[in-house]
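Letter by letter, the chains look like this.
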Amino acid sequence: NAGVMQNPRHLVRRRGQEARLRCSPMKGHSHVYWYRQLPEEGLKFMVYLQKENIIDESGMPKERFSAEFPKEGPSILRIQQVVRGDSAAYFCASSPGTGRYEQYFGPGTRLTVT
Amino acid sequence: DQQVKQNSPSLSVQEGRISILNCDYTNSMFDYFLWYKKYPAEGPTFLISISSIKDKNEDGRFTVFLNKSAKHLSLHIVPSQPGDSAVYFCAAVISGGGADGLTFGKGTHLIIQP
Numbered sequence: 261n262a263g264v265m266q267n268p269r270h271l272v273r274r275r276g277q278e279a280r281l282r283c284s285p286m287k288g289h290s291h292v293y294w295y296r297q298l299p300e301e302g303l304k305f306m307v308y309l310q311k312e313n314i315i316d317e318s319g320m321p322k323e324r325f326s327a328e329f330p331k332e333g334p335s336i337l338r339i340q341q342v343v344r345g346d347s348a349a350y351f352c353a354s355s356p357g358t359g360r361y362e363q364y365f366g367p368g369t370r371l372t373v374t
Numbered sequence: 100d101q102q103v104k105q106n107s108p109s110l111s112v113q114e115g116r117i118s119i120l121n122c123d124y125t126n127s128m129f130d131y132f133l134w135y136k137k138y139p140a141e142g143p144t145f146l147i148s149i150s151s152i153k154d155k156n157e158d159g160r161f162t163v164f165l166n167k168s169a170k171h172l173s174l175h176i177v178p179s180q181p182g183d184s185a186v187y188f189c190a191a192v193i194s195g196g197g198a199d200g201l202t203f204g205k206g207t208h209l210i211i212q213p
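From first to last, the protein sequence lines are chains W and Y.
Counting from 261, one number per residue, gives the positions in the first sequence under the numbering used here.
Counting from 100, one number per residue, gives the positions in the second sequence under the numbering used here.
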């Protein structure tokens, strides 16, 4: 499967726990983006990363949320001390960069906070 | 402050006819536009894009039109097929800005009637 991979597909956490969402970009893509979709809403940009660098985190909440894209392994979106309002679908996308603006999305992780 | 607006939450079209989905934007800095299609419980799928140096781009049954002066774009699907039933998102980006996160509209749910 050469597409963007995300896991887990579904994640249930109790309030106060940590959530870790993983994303492996398409082969050959070095740019990773995370988006969040609340019910009945469009996707909201959260963060843009390249290997070992955060390029733009203007859409990330200031507290409890962090993201990384290490030299080896998948990109991780980490949410600490989850609250009910964090329940949403989280999508990862990748692009080859170099002047190409099309982004290719994974299937998403649906986070439910109980 | 919604910079990309899709004012029709839903649209019903008969199979075989033309589907026209509309999108307006307010940020004049946007210069690259994309359309995505999304089925339930899946990630968005890239359909077609257009740069602001063009006013039309065509790919098979899909054509996107851009009217820069009106800050308006539309996606035409002809002929419409049952598999086209999905939510369609319009997205925009400022190319070359270094921050390539897409700004999405809230989507239009297209329903193709047999």
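Worth double-checking, as some hints may not be accurate.
[Said to hold, decoys possible] Below are the DSS-like pairs computed for lysine-lysine, each with C-alpha atoms no more than 27 Å apart in a straight line: (1) Lys304(W) <-> Lys104(Y); (2) Lys153(Y) <-> Lys167(Y); (3) Lys104(Y) <-> Lys170(Y); (4) Lys331(W) <-> Lys311(W); (5) Lys304(W) <-> Lys205(Y); (6) Lys153(Y) <-> Lys322(W); (7) Lys287(W) <-> Lys311(W); (8) Lys155(Y) <-> Lys170(Y); (9) Lys205(Y) <-> Lys155(Y); (10) Lys322(W) <-> Lys311(W); (11) Lys287(W) <-> Lys304(W); (12) Lys153(Y) <-> Lys170(Y); (13) Lys322(W) <-> Lys170(Y); (14) Lys304(W) <-> Lys170(Y); (15) Lys153(Y) <-> Lys205(Y).
Source of the hints: derived by calculation from the structure; they are not laboratory data.
Practice task
Go through the numbered hints given earlier and state which of them the structure violates, listing their numbers in rising order.
Solution key: Violated: hints 6 and 13.
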